[in-house]
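J.: Quick note, the sequences are listed as chains A and V, same order. Residues in the first sequence are numbered consecutively from 1, following full-length UniProt numbering. Residues in the second sequence are numbered consecutively from 1, following full-length UniProt numbering.
All clues stand as given, with none of them false.
Which copy is meant is left open, so a pair is good if it fits within one copy or across any two.
With a straight-line cut-off of 25 Å between C-alpha atoms, the simulated SDA-like cross-links for lysine to any residue are:
hint: 1; residue 1: Lys-290; residue 2: Met-361
hint: 2; residue 1: Lys-38; residue 2: Leu-140
hint: 3; residue 1: Lys-38; residue 2: Met-163
hint: 4; residue 1: Lys-360; residue 2: Gln-299
hint: 5; residue 1: Lys-39; residue 2: His-151
hint: 6; residue 1: Lys-302; residue 2: Pro-434
Since the hints were made in silico from the structure, they are not lab data. Remember, predicted model here, so these are calculated numbers, not experimental data.
Number of protein chains: 2
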Amino acid sequence: MDTENQQKPGFVENVWTWVKGVANKIVNAVFCAQKEAKKLAKDDPRRVVHSFKVGLAIILVSLLYYFDDPIYDGFGVSAMWAVMTVVVIFEFSVGATLGKGVNRGIASLLGGALGVGAHRLASFTGNKVEPIFLGLSVFLMAAVSSFLRFHPLLKARYDYGLMIFILTVSLICVSGYRDDEVLDIAYIRLFTVLIGGAASVFICVVIRPVWAGEDLHNLTAANIEKLAIFFQGTTSFLSSLQHNLEFFKSFDESNEEKKASLDVYKSVLNSKANEESLANSAKWEPRHGKFRYRQPWDQYLKVGAATRECAYRIEALSGYLINSEMQMPAEIREKIQEPCMKISKECSCALVELSAAIKKMTQATRADLHVSKAKAVSKNLKSLLKTGLSPDTDLVDIIPAATVASLLLEIVSCTAQIADSVHELALLSKYKCPDDARPSPIGNEKILPRTSSIEVSRNFVITVV
Amino acid sequence: MDTENQQKPGFVENVWTWVKGVANKIVNAVFCAQKEAKKLAKDDPRRVVHSFKVGLAIILVSLLYYFDDPIYDGFGVSAMWAVMTVVVIFEFSVGATLGKGVNRGIASLLGGALGVGAHRLASFTGNKVEPIFLGLSVFLMAAVSSFLRFHPLLKARYDYGLMIFILTVSLICVSGYRDDEVLDIAYIRLFTVLIGGAASVFICVVIRPVWAGEDLHNLTAANIEKLAIFFQGTTSFLSSLQHNLEFFKSFDESNEEKKASLDVYKSVLNSKANEESLANSAKWEPRHGKFRYRQPWDQYLKVGAATRECAYRIEALSGYLINSEMQMPAEIREKIQEPCMKISKECSCALVELSAAIKKMTQATRADLHVSKAKAVSKNLKSLLKTGLSPDTDLVDIIPAATVASLLLEIVSCTAQIADSVHELALLSKYKCPDDARPSPIGNEKILPRTSSIEVSRNFVITVV
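If we strip away everything but chain A, and leave its shape as in the complex, we get (with noise of 0.2 Å):
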């Protein structure tokens, strides 16, 4: 009796201590989930807004089956293909739902086509010979649609479709259903995926719309913005070095911050994919807003191409910054130091030029300034290494100087790069010229033509030197 007792609050108290573990669990699970979905909300207010669109569409479709008892009588079972099309087709984006609207359209027009052609053709086979040849007919178009599904240029655009179409195809073929059936059947589920992806596109289009061409131009803008980030540090960190040129290392202990704000340059890194959708799905977009008809948009992908590509250098500069042990004596450090200093300015300037230019949709006309100026100063940097130093100086101790200016003129030169995809994507899409543009210091500086880069760097070389 005495165990028992003894055992018995210990097993309540095992009991309540597991209830109260897995209460406390769950509490905090429901807790973590909310912050996510407040964080995921708070990051693109827009999802909150497509949430309520797809349940507003679906609930609108389905009006098929309620209110209208006629057309329901006449659509019958086929009613849930808007359903399913809205589901299926309503995407984030303005472009992604109308590009997967007119996939399905046509696929099922195609494939509805196709498919009511085999049943005729099966028809006028013998009833043993007629399973075999639509099976046969099924297996080949659907063999041969799963192949064209992994053509580079077909998957971007018409993947979708492609499997639309073998669905539509099999479902018809394969149905079972008499030969007079078979007609019906394939017009009212066309009209039904008409229904539901008009839908679709009518309340994307008219609640808050999110425009895939917007995202895209917006993204190009930050990724050349995120670069501009990337000097803008490193020229503050530059300008209070005080013991050497570890660039990233003291910076570590010294700010978390403004270290922070030297890795936004990493997600321009993997930025190909994300870009390459967004143009896909822009490509299907009608004129809207601020856009033209015909955006280039295949030129958003060469600047973005040229922004990584500068990515790519800076990747390899902060590597070099934060790995090599490199020390510098105070003399170099400080001869140095202001030539790197301007260049990561006038890097900087010119990025947030070409971002703001891109955002306001203007010609970037101050941009080019910039980029001369930066590579008139890594001009000056090189010709210093060359003779401003004293003649005893060590030469490993010119090792990482030289090294940060070659990799700093590299990163000029594409600078001057994503400068001139910017000004062909202005040129393309017929920006204006910015209300405050200034006539340049220099005065034959705008009139010169965008190949020109090399000329105007000479003219300030001489205006600097």
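Given chain A, put chain V in place with the hints provided.
T.: Then chain V, alone, in the frame of chain A:
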């Protein structure tokens, strides 16, 4: 009459030319399509097999309609869900098919249960409130699920399941069926989905299965090999270096094929999305062939990230070599040519070892040897730049050599990182020791722990110097 006679042959000729032109275009298009199809099939012959597998699976499932009249009567229109499931979930790799199948199965089960539950609840309310109650619950569930699809973790693995959940709930709730029908329909739908899923997975696994895990494994090894190819190209080029260090410029004119081998690494830069999707699929795959049950797929992603880091540095190096108009005096060139070649060769050897080790699933015992050799040579190169050059060398002549040396040093440490991540992969996957592991020439090389590569490198400095 005369003018008409003169015009008529002209018109006929025009039509003939037009017809010939169109016919030519069609023939050309067919020829092109044939060529592209051949290329697609040649690039990866598994694509052809996959297409046949899709056709076969559809035919297999559609037998439900043809040869089993009692079952056909039982399933009715619901049999089409089996066909639809096959078309929608049949993916290239086993993992992707299994993932989509499991997603679809569980989502159909959950969605069906919740749909039936909502239907039952609604039947307790009045006739007028019922559609409003059902509509509201569909709206709520659709909105919440749509929102959840934005969560990165859910998006990666359960995006398709969440979509099917919305689909099933909507179809069951708003279908307008009577309460007693709904349970039957939900049951039959789930059953047919399971049949379709099982057929897809069966055919996917039985006929020439494509394992996403194996693809990821091979891709990881191939990407490391691509970097090795770059260094092999650099080495062979450096050994034939005659005039200056404009590596790729003279290359450009002399040997297109070799230049192409130097561009092979570029595909590594953007491999992240592909690797992540393969890893996501691989996580669904069961034990098979040479892979244990819990293969560390995330470690493959880490190896991939290290490989990309190295590729970024290579991009910076190759960009520097292409763009900079550096001239190097013969004296310096001759001196740095050999160490640069050695570093390239050692890096290449190390990467080849690592790639081969992954391929064979053995430990890369000899890769560290090459990495330490490369580290030793790069230290030698540094000290050569410090002391080995004549004191009257122009500083500016050293800049290119210093930059190349610094970047190569960076690349060596990246290679060491790749080696470390591959060693961790070998540890986690329990790779065997290679059969041909010869005792190391230095003896203590192999028993040193992973982290002591710096010590090893010091050993080597002594050996080499």
